[in-house]
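Novice: Read off the chains here:
2 protein chains.
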Amino acid sequence: MSIIVQKFGGTSVANPERIKAIAEKIAKFSSQGNQIVVVVSAMSGETNKLISLAEEMMSSPEPREMDIIVSTGEQVTSGLTALALINLGIKAKSYAGHQVKILTNKSHTKARIENIDSKIIKKDLKDGFVVVVAGFQGSDIEGNITTLGRGGSDTTAVALAASLKADECQIYTDVDGIYTTDPRVVPEARKLDSITFEEMLEMASLGSKVLQTRAVEFAGKYKVKLRVLSSFEATGDGTIITYEDKKNMENPIISGIAFIKDEAELSVLGVPDMPGIAYQILGPVADAKIDVDMIIQNIGQDGLTDFTFTVHKTDMTKTLDILNKKVKAHVKAREISGNNKIAKLSIVGVGMRSNVGVASKMFRTLAEEGINISTISTSEIKISVILEEKSLNKAVRSLHKAFNLADN
Amino acid sequence: MSIIVQKFGGTSVANPERIKAIAEKIAKFSSQGNQIVVVVSAMSGETNKLISLAEEMMSSPEPREMDIIVSTGEQVTSGLTALALINLGIKAKSYAGHQVKILTNKSHTKARIENIDSKIIKKDLKDGFVVVVAGFQGSDIEGNITTLGRGGSDTTAVALAASLKADECQIYTDVDGIYTTDPRVVPEARKLDSITFEEMLEMASLGSKVLQTRAVEFAGKYKVKLRVLSSFEATGDGTIITYEDKKNMENPIISGIAFIKDEAELSVLGVPDMPGIAYQILGPVADAKIDVDMIIQNIGQDGLTDFTFTVHKTDMTKTLDILNKKVKAHVKAREISGNNKIAKLSIVGVGMRSNVGVASKMFRTLAEEGINISTISTSEIKISVILEEKSLNKAVRSLHKAFNLADN
Numbered sequence: 160m161s162i163i164v165q166k167f168g169g170t171s172v173a174n175p176e177r178i179k180a181i182a183e184k185i186a187k188f189s190s191q192g193n194q195i196v197v198v199v200s201a202m203s204g205e206t207n208k209l210i211s212l213a214e215e216m217m218s219s220p221e222p223r224e225m226d227i228i229v230s231t232g233e234q235v236t237s238g239l240t241a242l243a244l245i246n247l248g249i250k251a252k253s254y255a256g257h258q259v260k261i262l263t264n265k266s267h268t269k270a271r272i273e274n275i276d277s278k279i280i281k282k283d284l285k286d287g288f289v290v291v292v293a294g295f296q297g298s299d300i301e302g303n304i305t306t307l308g309r310g311g312s313d314t315t316a317v318a319l320a321a322s323l324k325a326d327e328c329q330i331y332t333d334v335d336g337i338y339t340t341d342p343r344v345v346p347e348a349r350k351l352d353s354i355t356f357e358e359m360l361e362m363a364s365l366g367s368k369v370l371q372t373r374a375v376e377f378a379g380k381y382k383v384k385l386r387v388l389s390s391f392e393a394t395g396d397g398t399i400i401t402y403e404d405k406k407n408m409e410n411p412i413i414s415g416i417a418f419i420k421d422e423a424e425l426s427v428l429g430v431p432d433m434p435g436i437a438y439q440i441l442g443p444v445a446d447a448k449i450d451v452d453m454i455i456q457n458i459g460q461d462g463l464t465d466f467t468f469t470v471h472k473t474d475m476t477k478t479l480d481i482l483n484k485k486v487k488a489h490v491k492a493r494e495i496s497g498n499n500k501i502a503k504l505s506i507v508g509v510g511m512r513s514n515v516g517v518a519s520k521m522f523r524t525l526a527e528e529g530i531n532i533s534t535i536s537t538s539e540i541k542i543s544v545i546l547e548e549k550s551l552n553k554a555v556r557s558l559h560k561a562f563n564l565a566d567n
Numbered sequence: 160m161s162i163i164v165q166k167f168g169g170t171s172v173a174n175p176e177r178i179k180a181i182a183e184k185i186a187k188f189s190s191q192g193n194q195i196v197v198v199v200s201a202m203s204g205e206t207n208k209l210i211s212l213a214e215e216m217m218s219s220p221e222p223r224e225m226d227i228i229v230s231t232g233e234q235v236t237s238g239l240t241a242l243a244l245i246n247l248g249i250k251a252k253s254y255a256g257h258q259v260k261i262l263t264n265k266s267h268t269k270a271r272i273e274n275i276d277s278k279i280i281k282k283d284l285k286d287g288f289v290v291v292v293a294g295f296q297g298s299d300i301e302g303n304i305t306t307l308g309r310g311g312s313d314t315t316a317v318a319l320a321a322s323l324k325a326d327e328c329q330i331y332t333d334v335d336g337i338y339t340t341d342p343r344v345v346p347e348a349r350k351l352d353s354i355t356f357e358e359m360l361e362m363a364s365l366g367s368k369v370l371q372t373r374a375v376e377f378a379g380k381y382k383v384k385l386r387v388l389s390s391f392e393a394t395g396d397g398t399i400i401t402y403e404d405k406k407n408m409e410n411p412i413i414s415g416i417a418f419i420k421d422e423a424e425l426s427v428l429g430v431p432d433m434p435g436i437a438y439q440i441l442g443p444v445a446d447a448k449i450d451v452d453m454i455i456q457n458i459g460q461d462g463l464t465d466f467t468f469t470v471h472k473t474d475m476t477k478t479l480d481i482l483n484k485k486v487k488a489h490v491k492a493r494e495i496s497g498n499n500k501i502a503k504l505s506i507v508g509v510g511m512r513s514n515v516g517v518a519s520k521m522f523r524t525l526a527e528e529g530i531n532i533s534t535i536s537t538s539e540i541k542i543s544v545i546l547e548e549k550s551l552n553k554a555v556r557s558l559h560k561a562f563n564l565a566d567n
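Chains as they are written, first to last, in my numbering: chain D, 160 to 567; chain G, 160 to 567.
Keep in mind the hints are simulated off the structure, nothing from the lab.
Which copy is meant is left open, because identical chains are indistinguishable; a pair holds if it fits in one copy or across any two.
The list that follows gives simulated cross-link-like pairs (lysine-lysine, DSS-like), each with its CA atoms no further than 27 Å apart:
no.: 1; residue 1: Lys269; residue 2: Lys250
no.: 2; residue 1: Lys281; residue 2: Lys260
no.: 3; residue 1: Lys520; residue 2: Lys553
no.: 4; residue 1: Lys477; residue 2: Lys250
no.: 5; residue 1: Lys250; residue 2: Lys208
no.: 6; residue 1: Lys285; residue 2: Lys265
no.: 7; residue 1: Lys448; residue 2: Lys250
Because the structure is a prediction, the values reported are computed rather than measured.
All chains, please: the whole structure from these sequences, using the hints.
Specialist: Written as structure tokens, this is what we have:
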């Protein structure tokens with residue numbers, strides 16, 4: 160008997176009809192003799208509705224109270240899903256995150272899972288129940304309700320799969336798998352049957368919105384067998400995330416192109432090139448709980464250097480304010496600049512490791528299209544560039560073609 | 160320093176503006192140096208919306224899952240209320256029922272409070288917080304979320320007041336106190352400054368919708384000082400519920416007239432008048448979790464008797480079905496009948512104890528108006544009759560006048 164964790168996102172549970180449809184899907188798996196744990200998100204639109212209500216009360220709602228409010232969205236869906244299953248003759252029980260002891264740290268609205276006491280779930284599974292857990296939430300050691308941040312339901316699913324030593328963790332979404340790039344930008348984009356964990360991690364962190372980065376990291380840490388599937392199509396095996404190293408296999412050099420348009424680029428120009436400068440710049444930003452993505456510092460000249468990083472677009476004004484008020488004078492910077500008309504594009508592939516010339520091919524392709532790059536950053540299996548937002552689609556299409564991604 | 164529990168119902172927290180308005184009210188009490196515990200209902204309409212969603216999943220939703228779903232309504236309001244308070248510069252924290260350890264029995268959707276571990280609240284009050292608790296809910300010994308049934312937020316407030324030994328429990332509603340009868344029926348109805356606990360209990364159980372019966376019982380058991388006030392008017396002391404016996408005081412004979420239109424009357428006619436018959440009739444009804452209100456059995460004739468009881472109108476069809484299928488043949492009844500075009504009217508007053516002739520005055524008044532009574536039932540401080548629904552308003556008006564209720 161297999162234990163399978165199945166996670167359904169907001170669009171998959173958007174209304175009563177869709178909840179009934181996923182219940183049919185779950186019931187089928189259950190009747191095949193599997194032990195099923197279901198993780199659900201809030202009905203799409205609910206979380207935003209709850210956040211709006213909170214913001215009507217105060218402009219920057221206290222995070223602890225925010226969590227009490229927004230966590231109800233998933234709780235409602237979990238109950239509704241259990242009812243839809245019971246209505247099909249399946250034994251089912253729903254739980255809020257704190258009930259199945261998803262213990263998190265105290266970082267309200269961005270909490271991290273520290274432990275799961277899965278005794279209750281194991282007993283229910285043994286007793287023949289399908290267990291439906293509200294995603295995105297848990298509680299801290301004092302019993303305060305916490306949430307894991309946007310997309311946190313993926314993390315809930317993976318963490319439960321790890322804790323239960325599940326045979327597979329299936330993430331149901333509105334796409335039928337991971338594509339070489341966004342099919343809305345490149346119609347020839349191709350679905351991948353499998354992708355390595357490292358590639359998925361890069362794709363996720365680079366804006367492929369199918370899976371939350373943290374969930375992929377969690378999966379990697381506990382070697383959870385993860386599969387991305389469509390909620391709406393009956394067939395198809397989706398894309399499986401593997402832990403095998405493909406280095407000895409005949410592989411495409413790159414697996415996909417990811418991009419993200421919701422970041423802004425900030426630069427602190429002309430700062431003394433000395434130890435501790437990165438901390439002095441980013442410390443106040445981190446203190447304000449602003450997430451920083453890319454960080455680039457180039458070799459300095461004349462004892463001065465430029466420091467660039469990206470944040471979410473909505474955080475740009477606040478970040479500029481911090482840099483101007485708390486950082487500029489302190490680090491003796493010449494200038495602070497910000498740009499939110501940018502996009503980040505990355506090519507990802509484990510094949511890059513053993514293939515020289517990927518970077519030069521990428522830069523040549525972009526140059527031939529007349530696309531200017533402001534910033535470059537690389538890892539072992541990805542190359543990221545920042546370019547003007549208006550050039551993004553052209554860049555993605557030309558690279559998808561240059562690397563023959565539609566053909567493999 | 161006084162501890163005050165303040166409960167706000169669904170219409171008082173119906174939208175963000177009203178939540179902000181009650182926050183101002185709470186803030187004023189808090190700034191006067193009181194320790195405040197706030198209990199809130201769901202925003203009006205929310206509970207029904209959640210129930211409808213559940214009923215879209217299955218026609219008679221499993222009670223355990225129902226509780227997980229509907230309890231979220233109050234949880235959202237509690238968080239929003241805390242935010243509105245914080246926005247006014249007041250330290251505030253919200254809690255779902257299970258978090259402040261409102262322990263109930265396992266009767267989902269109709270749970271009863273067994274214990275409250277108020278340690279967390281006491282600590283928060285000591286630390287200067289206004290504590291906002293989601294009404295209507297708790298959890299059982301195994302941690303399953305339970306709800307207390309409609310109007311259960313009143314019970315939460317009173318139970319918290321008892322547990323905290325609060326100086327006063329204030330129930331804020333959309334009326335400014337307890338009236339001699341419904342002012343929509345009798346414009347001259349008068350607000351009472353005080354009412355005895357026993358009278359309030361009868362008024363509540365007889366359809367005066369201001370306070371839930373169970374909350375009044377709870378208040379009586381722990382001698383909680385209870386006050387009913389308006390959420391919407393700034394002034395007025397409302398009606399206080401007292402525990403003093405008024406028998407030596409100059410008192411009006413009756414305090415008020417209560418009525419209820421949402422019951423149906425069922426009769427089991429021509430059953431053998433023998434021990435155990437009541438149980439044989441009501442046992443199957445209770446097994447189906449149908450609440451029975453009035454029960455009347457008259458002295459039999461020729462070894463046969465008639466048995467009448469009332470249930471909520473929505474339960475009539477189901478109850479008739481049970482009586483016809485499980486009871487009729489078993490108790491050898493001649494006939495089963497049901498009538499949902501009825502109303503129950505009661506006059507209530509502790510003065511009745513020492514005043515003969517109240518009943519005859521009541522019956523004479525109704526007779527003079529040509530109103531027929533089908534059933535009579537009395538307690539020490541009330542007389543209830545069942546009459547045709549269409550005669551109700553006339554009956555209330557004539558009795559209000561006959562007993563001079565507008566003048567006291």
